[in-house]
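Asker: Sequences and hints are given; from them, build the entire structure.
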Amino acid sequence: MIYLDYNATTPLLPEVQQEMLRVASIAVGNPGSRHAAGRKSRQLLEEARETVARILGATPDEVVFTSGGTEATNLALHGMRGTRNGHIILPPAEHPATSEVVMNMAGCTPHVVPLDSQGLVKAESLHVAPWDSAVLATLLLAHNETGVVQDVSLLRELCVQRHVPWHLDAVQAVGKIGVNFRELGCTTMAVGAHKFYGPRGIGALLIRQGVELTPYLRGGGQERGVRPGTEPVMLAAGMAKALQISDENRVTREEYLRTLRDRLESRLTSAIPNVVVNCEEATRLPNTLSIAFPGCVADALLVALDLAGLCVSVGSACASGSTKPSPILEAIGVSAEVAKSTVRISVGIQTTAEEIDRAAEIMRTVVNRLRNS
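So in our numbering the end of the sequence shown lands on 390, straight run, no missing numbers.
No lab work stands behind these hints: they were computed from the structure.
Here are the simulated distance ranges between beta carbons:
#  : residue 1 : residue 2 : range
1  : E141      : T276      : 32 to 40 Å
2  : R217      : G124      : 30 to 38 Å
3  : V320      : G246      : 34 to 42 Å
4  : P28       : I379      : 17 to 25 Å
5  : P342      : S150      : 27 to 35 Å
6  : N291      : R375      : 19 to 27 Å
7  : Q178      : G312      : 44 to 52 Å
8  : S42       : Q178      : 45 to 53 Å
9  : E229      : V145      : 25 to 33 Å
10 : A325      : T76       : 42 to 50 Å
11 : V320      : A288      : 15 to 23 Å
Note that this is a predicted model, so its numbers are computed, not measured.
Note that beta-carbon positions come from the ideal geometry of N, C-alpha and C, so glycine has one too.
Answerer: Following this line, the structure appears as structure tokens:
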């Protein structure tokens, strides 16, 4: 089996697993308990928080551990909105963790800022958004399907000028490109550990100092009162370890992933006629390739590739099961033929050049067979 779906999730690194087992063996107490066992768990939890904060350009008191990126974004959007009604400014085709929240937020009206053909927010449309009635804005730093990385500078500038808080979903970006909370200037930022070879079930919401979010979940006062419940010390330690390894190897990882992605893109476009690379002129995550094979249907292609031993995806894993056209492909204006034949390929640090060459040959064979059937 060749696994090329790293944007859906990544395998746990052995070093991370070892760290989690180490912490699990000594963090026997509840971090909220005042006895020695509780204090030890609290120490380990805060060490993990300090590591996450340092690497992401935040202070420890700005880091709130959550169950993952989806919960982090939910807490941010509901928390910044509070009881206010008005417009929420966002692009189309955001991750379901954002779009589903905004679409179901009674009393608020989504204002969708269009994208250009490369998946970038149109600056002129952002300028004329209804800022006077905006309660918040939200944006994906890097799109999970196309890999397009947004320039957040204009959104940051407008939000500062209009005193509008804004959320940044950086789940797909962290671990693949450099991400610095302070430099980005957002009010809140979501992160998920399983996207950078950490454990599933843990993430973080970064909240700028001085910002108070209206609680969305009720319970104890853990995690600044934003995310109540007993803290998962072992998972937090695993997340911190994975992030530390990612940070130490970021430059070489980026180069390696980009080399593999470009190698596959080159082989596919040269070996298979009539291939379309979506958003190829934009800055993309180094590991992500959104590519269409007109004449094929993506779902059928996905099944055929799976049977041939190749794991890729159609759209976001968080929207799996949907038969609707990909919202992001509709938003950037590709043809129906391209949209329905697009698959997402995402390589990882365990991917080899030999696997890339084998994957290209499998795809060439399968695409030709489907087109001729």
